[in-house]
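Asks: What follows is each chain in one-letter form.
Protein chains: 4
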Amino acid sequence: MSVLDLETARSIIAGARAHGSSAGFKPLTVVVLDAGGHVIAVEREDGASMKRFEIGFGKAYGALSLGMGSRSIMARAEQQAFFVAAVTSAVGGTLVPVPGGVLVRDEGGDLLGAVGITGDTSDNDEAAAVAGIEGAGLTAQVD
Amino acid sequence: MSVLDLETARSIIAGARAHGSSAGFKPLTVVVLDAGGHVIAVEREDGASMKRFEIGFGKAYGALSLGMGSRSIMARAEQQAFFVAAVTSAVGGTLVPVPGGVLVRDEGGDLLGAVGITGDTSDNDEAAAVAGIEGAGLTAQVD
Amino acid sequence: MSVLDLETARSIIAGARAHGSSAGFKPLTVVVLDAGGHVIAVEREDGASMKRFEIGFGKAYGALSLGMGSRSIMARAEQQAFFVAAVTSAVGGTLVPVPGGVLVRDEGGDLLGAVGITGDTSDNDEAAAVAGIEGAGLTAQVD
Amino acid sequence: MSVLDLETARSIIAGARAHGSSAGFKPLTVVVLDAGGHVIAVEREDGASMKRFEIGFGKAYGALSLGMGSRSIMARAEQQAFFVAAVTSAVGGTLVPVPGGVLVRDEGGDLLGAVGITGDTSDNDEAAAVAGIEGAGLTAQVD
Numbered sequence: 001m002s003v004l005d006l007e008t009a010r011s012i013i014a015g016a017r018a019h020g021s022s023a024g025f026k027p028l029t030v031v032v033l034d035a036g037g038h039v040i041a042v043e044r045e046d047g048a049s050m051k052r053f054e055i056g057f058g059k060a061y062g063a064l065s066l067g068m069g070s071r072s073i074m075a076r077a078e079q080q081a082f083f084v085a086a087v088t089s090a091v092g093g094t095l096v097p098v099p100g101g102v103l104v105r106d107e108g109g110d111l112l113g114a115v116g117i118t119g120d121t122s123d124n125d126e127a128a129a130v131a132g133i134e135g136a137g138l139t140a141q142v143d
Numbered sequence: 001m002s003v004l005d006l007e008t009a010r011s012i013i014a015g016a017r018a019h020g021s022s023a024g025f026k027p028l029t030v031v032v033l034d035a036g037g038h039v040i041a042v043e044r045e046d047g048a049s050m051k052r053f054e055i056g057f058g059k060a061y062g063a064l065s066l067g068m069g070s071r072s073i074m075a076r077a078e079q080q081a082f083f084v085a086a087v088t089s090a091v092g093g094t095l096v097p098v099p100g101g102v103l104v105r106d107e108g109g110d111l112l113g114a115v116g117i118t119g120d121t122s123d124n125d126e127a128a129a130v131a132g133i134e135g136a137g138l139t140a141q142v143d
Numbered sequence: 001m002s003v004l005d006l007e008t009a010r011s012i013i014a015g016a017r018a019h020g021s022s023a024g025f026k027p028l029t030v031v032v033l034d035a036g037g038h039v040i041a042v043e044r045e046d047g048a049s050m051k052r053f054e055i056g057f058g059k060a061y062g063a064l065s066l067g068m069g070s071r072s073i074m075a076r077a078e079q080q081a082f083f084v085a086a087v088t089s090a091v092g093g094t095l096v097p098v099p100g101g102v103l104v105r106d107e108g109g110d111l112l113g114a115v116g117i118t119g120d121t122s123d124n125d126e127a128a129a130v131a132g133i134e135g136a137g138l139t140a141q142v143d
Numbered sequence: 001m002s003v004l005d006l007e008t009a010r011s012i013i014a015g016a017r018a019h020g021s022s023a024g025f026k027p028l029t030v031v032v033l034d035a036g037g038h039v040i041a042v043e044r045e046d047g048a049s050m051k052r053f054e055i056g057f058g059k060a061y062g063a064l065s066l067g068m069g070s071r072s073i074m075a076r077a078e079q080q081a082f083f084v085a086a087v088t089s090a091v092g093g094t095l096v097p098v099p100g101g102v103l104v105r106d107e108g109g110d111l112l113g114a115v116g117i118t119g120d121t122s123d124n125d126e127a128a129a130v131a132g133i134e135g136a137g138l139t140a141q142v143d
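Residue numbers (UniProt numbering), protein chains in the order written: chain A, 1 to 143; chain B, 1 to 143; chain C, 1 to 143; chain D, 1 to 143.
Extracted from the complex, chain A is given alone in its bound form (with noise of 0.2 Å):
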């Protein structure tokens, strides 16, 4: 696969809700994007608040910006806060620098897009995301 299509996404988003529904985590919202960013499928699950497509976006969007999951955007911003403050306004304000943004690799290595979860704590997110992927036979980086 080159490109990342719709029914993929679809069902990376079904495994990575039935995921979260059994683990009993809060209500997800999931975020797929192909590697250019753009949106290809979301679903918020109800009772999650308002903005949490945004919010989801931001984790994949920024994993796809810099080439590395949202942890590891994580663990810059606690080295150095200014430098992800200061990409995050020259991406144009979508990266959010948390756990649940992964990147989407094909078997060969090749990136796909991305996944971008909010909902329950950052590390739940994550593995709903890894889980979603992992589902789909694609392969989850998370740093």
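Since the hints were made in silico from the structure, they are not lab data.
It is possible that part of the hints are untrue.
What the hints assert, rightly or not - Cross-link-like lysine to aspartate or glutamate pairs, in silico, EDC-like; alpha carbons within 16 Å at most:
no., chain 1, residue 1, chain 2, residue 2
1, C, Lys51, D, Asp34
2, C, Lys26, C, Asp120
3, A, Lys51, B, Asp34
4, B, Lys26, B, Glu107
5, D, Lys26, D, Asp123
6, A, Lys26, A, Asp123
Said to hold, decoys possible - Here are a few chain B residues that sit away from chain A, every Cβ distance over 10 Å (derived from the structure):
no., residue
7, Gly36
8, His38
9, Ala41
10, Met50
11, Leu66
12, Arg76
13, Ala85
14, Val87
15, Gly92
16, Thr94
17, Asp106
18, Asp110
19, Val130
20, Leu138
Note that the Cβ used here is the ideal one computed from N, Cα and C, for glycine as well.
Please build the complex by placing chains B, C and D on the supplied structure of chain A, with the hints as guidance.
Replies: Chains B, C and D alone, transformed into the frame defined by chain A:
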């Protein structure tokens, strides 16, 4: 129903996409917003150009911003382009004044949200939105 | 080719500039974007005015945003100026609706990116883009 | 030389990229701005993440905005993060306060422009910028 839940939003998207597919429309992007203008669900079909989410969002967001289907906003734009340009700017750039942004109401007339569709002609985009909304047992307001 | 690499982008720029030079065009600015709308390479010729990068970027970014050459976006603007103004705003202000923004496709028709050129007349800008793209063995879509 | 012409900018880019390649750096993005902060030339190497142009631009633009290499802006950020955050906002979000944004001066000390590089560590990014600038017979100011 007093709020639009995710399963209903997904049903609207499925109905709109089925309408487009059976009618031979070009790839559609379907955006469903709640009554506060926040994303519930999105699907962008394979082959749609990269910024279709933003355009579909703008149709639905404009409809909610002014309380009328985007067909009526187009009519206003044809008479007073400067008014629509000013409102577009005032609401942050996310108002697209052509058909395809349709309000969603329940049987009692209460506002539940809006659907924005883009990809084919504006008239066809609107027809797909109406099909999706009515297929979910709700009422579509196009103007 | 499934992605536009830097060497091909540089070849497109060289071909476009050679076309402009031999045809006696005014100084050109050539912007090459990937399929997600991100900068691969830019060259602004001596004597070009200061904001030519932004204009060339906007021609290419608009073409990618809507999936058509910027010549077609101009045609739409001549019919519904308010629509193009609204979309310009919805995609963040980076859409310039005159010829010179040309989609780049491979022999199979897959989208690789876009070229935006500015500096001479819009028709001449477009001709330089086509020369650069075709000289690199790729297909140019102007509308 | 009183202005940085395109051929010199291209020479700087070639020298910086050659430095990175021979040193085994990760894929670099090199941005060259004139003394007014406007793009002259850009090259983003294959494999660099999508928003590297914006980051490289921000390093160079910040250097020009404050009249010092971005290494000095980092030093200021470490002392007064709020000042750098405020200036970042004041200049429109395009200021990235880590090494890799280097001023370009001629032999008489006149300011010609700036180079911004991103992709490897900030120190390595800066080293590539210096190599490119000095290779073109010009003077690099890193702080």
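Asks: Are the hints correct? Go through all of them and say.
Replies: Here is what the structure says about each hint:
| no. | hint | in the structure |
| --- | --- | --- |
| 1 | Lys51/C with Asp34/D | 11 Å, holds |
| 2 | Lys26/C with Asp120/C | 5 Å, holds |
| 3 | Lys51/A with Asp34/B | 11 Å, holds |
| 4 | Lys26/B with Glu107/B | 31 Å, violated |
| 5 | Lys26/D with Asp123/D | 13 Å, holds |
| 6 | Lys26/A with Asp123/A | 13 Å, holds |
| 7 | Gly36 | 6 Å, violated |
| 8 | His38 | 4 Å, violated |
| 9 | Ala41 | 5 Å, violated |
| 10 | Met50 | 4 Å, violated |
| 11 | Leu66 | 20 Å, holds |
| 12 | Arg76 | 28 Å, holds |
| 13 | Ala85 | 22 Å, holds |
| 14 | Val87 | 22 Å, holds |
| 15 | Gly92 | 12 Å, holds |
| 16 | Thr94 | 12 Å, holds |
| 17 | Asp106 | 16 Å, holds |
| 18 | Asp110 | 17 Å, holds |
| 19 | Val130 | 22 Å, holds |
| 20 | Leu138 | 16 Å, holds |
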